[in-house]
Amino acid sequence: KEIGGLRDETVQIEKEINRVGDSMSSKMNILQNKADDIGNVAGLSLEKQKEVLKGQSEALNGLQSLTQFQSKALEESRAVLQQLANFGHEQQEELLQRQEKLQQAHDHLVENSKSMLAAQFEISAFFYSLIMYFFHLYNFWTWKGRKIHYVVQGEGSPVVLIHGFGASAYHWRYYIPELAKKHKVYAIDLLGFGWSEKAIIEYGMEGPGGGFLAGDCERASSFSWKQYRH
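Numbering of the sequence shown is given in full-length UniProt numbering, commencing with residue 1 and proceeding in unit increments.
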């Protein structure tokens, strides 16, 4: 009985050991499964981390590319702005030069206009003085329906100037005043009497000069004139 009891007790112990072993084995399997699950999760996490790192690396490369592009664009923009600034400066310089040339041309034109006005004024003054001069001194007397023009100026011994061309009044202006300082000048223009081709020395005292000298202008029309027509 005691051996039988021990055998039964041994059997029970074996059963208990088997039960405990099965329980331990089951727990070990559970732990192994959990360990496997943890390993799988860790592997997945590592893969995720790798993917994240890869994405970060790609993003960093993209950021570097963007930074390089921005730097290049900024340099090109600065170059374009510098070119525009240089072009604007050149255009401004050219415009200033043109304005200066226009101002010089305007000043030159003004000076020329002043010179022309001064010359016109001098010419006008000359002709005005000439007109006023002959307005007071230019006379004429009629002989056979013709007007014989003459100028009388000065006091002293008489001097007769005979001219045979129509522009004589212009030439009288130069030597009558000088002669009139010492002589009484009679300047006769033959334009109203007839064109003359003779030299002054060929006119005798019986001609116009003699008539003026003998009659002192008042009786000049009563003398006989020789008509010189050629």
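Just so you know, the hints here were simulated from the structure itself, not pulled from any lab data. The reader is advised that the hints may include incorrect statements.
[Unchecked claim] Straight-line Cα separation of at most 25 Å, BS3-like style, residue types lysine-lysine; simulated pairs:
| no. | residue 1 | residue 2 |
| --- | --- | --- |
| 1 | Lys-114 | Lys-101 |
| 2 | Lys-27 | Lys-15 |
| 3 | Lys-34 | Lys-50 |
| 4 | Lys-34 | Lys-54 |
[To be verified] Here are the in silico distance ranges between beta carbons for each label pair:
| no. | residue 1 | residue 2 | range |
| --- | --- | --- | --- |
| 5 | Ile-13 | Ile-38 | 33 to 43 Å |
| 6 | Val-41 | Gln-64 | 33 to 43 Å |
| 7 | Thr-67 | His-89 | 31 to 41 Å |
| 8 | Lys-72 | Leu-109 | 28 to 38 Å |
| 9 | Glu-122 | Glu-100 | 46 to 56 Å |
| 10 | Gly-55 | Ser-25 | 37 to 47 Å |
| 11 | Leu-44 | Met-24 | 40 to 50 Å |
| 12 | Ala-105 | Leu-74 | 39 to 49 Å |
As the structure is a computational prediction, the values presented were derived from the model and not from experiment. Every residue gets a Cβ at the ideal spot worked out from N, C-alpha and C, and that includes glycine.
Structure-based check of all given hints:
1. Of the supplied pair hints, the one linking Lys-114 and Lys-101 holds, its CA atoms being roughly 20 Å apart against a limit of 25 Å.
2. Using a Cα cut-off of 25 Å, the hinted pair Lys-27 and Lys-15 holds, with the two alpha carbons roughly 18 Å apart.
3. Between Lys-34 and Lys-50, the direct Cα distance comes to roughly 24 Å. Compliance with the 25 Å bound is thereby established for this hinted pair.
4. Between Lys-34 and Lys-54, the direct Cα distance comes to roughly 29 Å. Violation of the 25 Å bound is thereby established for this hinted pair.
5. Between Ile-13 and Ile-38, the C-beta spacing of about 36 Å keeps the proposed range 33 to 43 Å intact.
6. One distance hint, 33 to 43 Å for the beta-carbon pair Val-41 and Gln-64, holds here, with the actual separation near 34 Å.
7. Checked against the hint of 31 to 41 Å, the pair Thr-67 and His-89 passes, with Cβ atoms roughly 32 Å apart.
8. For the pair Lys-72 and Leu-109, the beta carbons lie near 55 Å from each other, so the given range of 28 to 38 Å is not met.
9. Evaluation of the 46 to 56 Å hint for Glu-122 and Glu-100 yields a failure: the beta carbon distance comes to about 33 Å.
10. Judged by the Cβ atoms, the range 37 to 47 Å given for Gly-55 and Ser-25 holds: they are separated by roughly 44 Å.
11. Hint check: Leu-44 to Met-24, Cβ distance near 30 Å, so the stated range 40 to 50 Å is violated.
12. The hinted window of 39 to 49 Å between Ala-105 and Leu-74 holds, with their beta carbons roughly 46 Å apart.
Of the numbered hints given earlier, the model fails hints 4, 8, 9 and 11; all others are met.
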